[in-house]
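Trainee: For this one, chain A is given, so just place chain B on it according to the hints.
As a plain string of letters, each chain reads:
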Amino acid sequence: MNSGLDLEFSFNEILKGLGLSSELAHIIWLPLPMLLVLVSAVVGVLVTVWLERKISAAAQQRIGPEYAGALGVLQPIADGLKLLVKEDIIPAKADSILFTAGPILVLVPVILSWLIVPFGQNLLISNVGIGIFLWIALSSIQPIGLLMSGYASNNKYSLLGGLRAAAQSISYEIPLALSVLAIVLMTNSLSTVDIVNQQSGAGILSWNIWRQPVGFIIFWICALAECERLPFDLPEAEEELVAGYQTEYAGMKFALFYLGSYINLILSALLVSILYLGGWGFPIPIEIIAKFLNLPIDAPVIQVFTASIGIIMTVLKAYLLVFIAILLRWTTPRVRIDQLLDLGWKFLLPISLANLLVTAGLKLAFPQFFGG
Amino acid sequence: MSIAVTTQIICFSVLSLVVIIGALGVILLESIVYSAFLLGGVFMSVAGLYLLLNASFVAAAQVLVYVGAVNVLIIFAIMLVNKKEDLKPINNLKSRRIISTSICLTLLSLLIRVDLSNVWGLADPKMSIGEESTIRIGEHLFSDYLLPFEVASVLLLMAMIGAIVLARRDVMNEDISTGLPVDQELIEKSSEPLLMKNN
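Chains A and B, in that order, are what the protein sequence lines are.
Position in the first sequence (first residue = 1) + 176 = this note's numbering.
Position in the second sequence (first residue = 1) + 86 = this note's numbering.
Next up, chain B with everything else stripped away, as it sits in the complex:
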């Protein structure tokens, strides 16, 4: 076995371990802040897996979008609304946990069955385009995947307008479900000039 192959196997096992343990930590840890940081770690390891598959552009895009944007925003949101308040106790928690665990295990067994029964076609590593992939992705985005790409951008625009409407409470100052005026305490006060105008 050559040194390159050994390195690859070691990297792959470390990365997959980090992905699995990190993802378990994201769900099972009590502290939401730890979960958010671990999610960043999982995203990073997935980027590492892409690197092992010779998809360096996808790996960098994964880091930029998921770690640099999505995860930072999640952490940001957690830190801005980190009210130290206990969650309401849910009745029959135990039976709920059993039901959700069994559903998850069923899904997992289904996935494992698909994985084992399917014959995965392996691409010839000599056919790998490597660094060319950046150009190829660009060509696809501007030809046959143009419509999905543009639809995704419209979706993001809608999300952004929704966020602005929700954040600016002078647009919607009534709670939709209860009809009561929204708690406006956190809105910035209108700025007052510090220096009095000369009369």
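The following block holds chain A by itself, in its conformation from the complex:
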């Protein structure tokens, strides 16, 4: 496997050339990818909010945002500014410490999970060995934040919304983790980089979606449920619970929930594309293109080309999935809470267990196709 561009190494070499010690160079390097990913996550949210407004408008035969910038592209920024300058209200009978800590606990794990999202061979913050397991562990912290804000609001709708959110994310975490486990079984590694590399053999044909169609569908349903997107947005069902755990929130604290849910949506879409749609891989393998152009795979032009194609492909696949999620939100009715829990425990859980068993059997029977 070629190593691809290694920006960290070249950056450190430049700083060392300027006469800095390697440790200092490392410290200067450390915050850069974190800031870059944080900024791209927030920009991704702005794009998603705009897409959501425009697509929902199209689905309902409206025009949608139009005046802020061309086609209303500046509308999300205007929304953000409005939330930023709104008064921060804490209800008099609310528990102010828990009320403030709740939104933070919801947002921080989601942002931390971006640690493991790779945009290329070396284009991720940290290639930790536990990779995808880190995301599963971090996403299990979120329900505590939701319960906390639901309880602290001192409002029955908030409490019910918080309890529903926690029940929902506990019951959908298990099929989600089991479908990830089937992928891990095929890869022999938890690292997201290894998962993508394992799918890069024959372009589009070697993507995991062909080998794990059931797992893909289970993962997508569970990811939508974890993000509380519409077929499963029971925690904030407007008709029943006003706005669930967000009812009492205003201003920046509400914006944190809003930001958290959209960052989570983009993160889930990115992870679906990494686990099942070949991550940064181009549908035609880069090696074939390089051979066609008569260039060696290590040539600088090809290296830069590979890196930029990688970023474009990851973002493109993720936004395709975000588009599907938005379309689902504006075209499907909401399920009831009992239907939701039945679907999770009585349908998805057995199916994902069977999927894991079949994957293990296929791995033993055809080790060349299902990872040795």
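To be clear, the hints were calculated from the coordinates, so they are not data collected in a lab.
Be a bit skeptical, because a hint or two may be false.
What the hints assert, rightly or not - Mimicking EDC-like on lysine to aspartate or glutamate, the simulated pairs with C-alpha atoms at most 20 Å apart in a straight line are:
id : chain 1 : residue 1 : chain 2 : residue 2
1  : A       : LYS539    : B       : GLU225
2  : A       : LYS258    : A       : GLU242
3  : A       : LYS332    : A       : GLU228
4  : A       : LYS269    : B       : GLU116
5  : A       : LYS539    : A       : ASP370
6  : A       : LYS258    : A       : GLU228
Unchecked claim - Here are the simulated distance ranges between beta carbons:
id : chain 1 : residue 1 : chain 2 : residue 2 : range
7  : A       : SER382    : B       : MET244    : 43 to 49 Å
8  : A       : TRP386    : B       : VAL200    : 47 to 53 Å
9  : B       : TRP206    : A       : SER382    : 36 to 42 Å
10 : B       : GLN94     : A       : PHE468    : 46 to 52 Å
11 : B       : ILE96     : A       : ALA234    : 48 to 54 Å
12 : B       : ILE107    : A       : GLU415    : 39 to 45 Å
13 : B       : ALA253    : A       : PHE523    : 49 to 55 Å
14 : B       : THR93     : A       : PHE185    : 17 to 23 Å
15 : B       : MET244    : A       : SER186    : 42 to 48 Å
Unchecked claim - Short, incomplete list of chain A residues facing chain B, as computed with Cβ under 10 Å:
id : residue
16 : ALA270
17 : GLN318
18 : ALA342
19 : LEU366
20 : LEU519
Yeah, the Cβ is synthetic: ideal placement off N, Cα and C, and Gly gets one too.
Mentor: Same frame as chain A, now just chain B:
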């Protein structure tokens, strides 16, 4: 002292402080809800300590199991049965407190004595397996620790069956100790169709 070592020492002291103060808060705070949330914080800091020991898989498992499952269930249970009712006053509370404090202090002094008298064998940091540990844990779970692992799962199954029996009161509608019928107010009513059937 290199920057990495300094960072480690700072992280270790912050995490241990959070563990100690959080654990004290869990016991001493009056509000049970605060105690439950602080318990989550303690679990998180313990996971941080595992991370400092290069055991990233154990740290993630700690977060997933203790914070994501155990603590959420504790909070869930507290919020579902949060009756605002004063506890019955216990007589001679003061002497009970003195006795329990002295027992706890004795245990603590015993632990401190063991800690000081024992010579702790430190593993060579160069022998650390780091990321390999995930594979090593898996191998152990499926070879020499297979029996304890399976016995633990049977234990969990028993707990689950017990919970179902306790929760479904149509199975046990008599209080075991008093023999009186159990208060069944909270049981869901049998569902009635909203739309009348066409006759």
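Trainee: With 17 to 23 Å as the target window, see if B:THR93 and A:PHE185 comply at their CB atoms.
Mentor: Since B:THR93 and A:PHE185 have Cβ atoms about 22 Å apart, the given range 17 to 23 Å holds.
Trainee: Regarding A:SER382 and B:MET244, is the given constraint of 43 to 49 Å on their beta-carbon distance met?
Mentor: 45 Å, holds
Trainee: Quick check on A:GLN318 please, does its C-beta sit within 10 Å of some C-beta on chain B?
Mentor: Given a least distance of 9 Å, the restraint on A:GLN318 holds.
Trainee: Using the C-beta atoms of B:TRP206 and A:SER382, is the stated range 36 to 42 Å upheld?
Mentor: 50 Å, violated
Trainee: For the pair supplied as a hint, A:LYS258 and A:GLU242, is the alpha-carbon distance within the 20 Å limit?
Mentor: Distance of about 17 Å is within 20 Å: holds.
Trainee: Note whether the CB distance of B:ALA253 and A:PHE523 lies within 49 to 55 Å or breaks it.
Mentor: 22 Å, violated
Trainee: How does the Cβ-Cβ distance of B:GLN94 and A:PHE468 compare with 46 to 52 Å: does it lie in that range?
Mentor: 50 Å, holds
Trainee: Tell me if the straight-line CA distance from A:LYS258 to A:GLU228 falls inside 20 Å.
Mentor: 18 Å, holds
Trainee: The hint names A:LEU519 as touching chain B; please verify it with the least Cβ-Cβ distance against 10 Å.
Mentor: Violated. Min distance 18 Å.
Trainee: So the hint says 42 to 48 Å: do the beta-carbon atoms of B:MET244 and A:SER186 match that?
Mentor: 58 Å, violated
Trainee: With a cut-off of 10 Å, does the beta carbon of A:ALA270 approach a beta carbon of chain B closely enough for the hint to hold?
Mentor: Nearest chain B Cβ about 13 Å off; hint violated.
Trainee: Given the range 39 to 45 Å, decide if the beta-carbon distance of B:ILE107 to A:GLU415 lies inside it.
Mentor: 44 Å, holds
Checked against the numbered hints above, the structure breaks hints 3, 8, 9, 13, 15, 16 and 20 and satisfies the rest.
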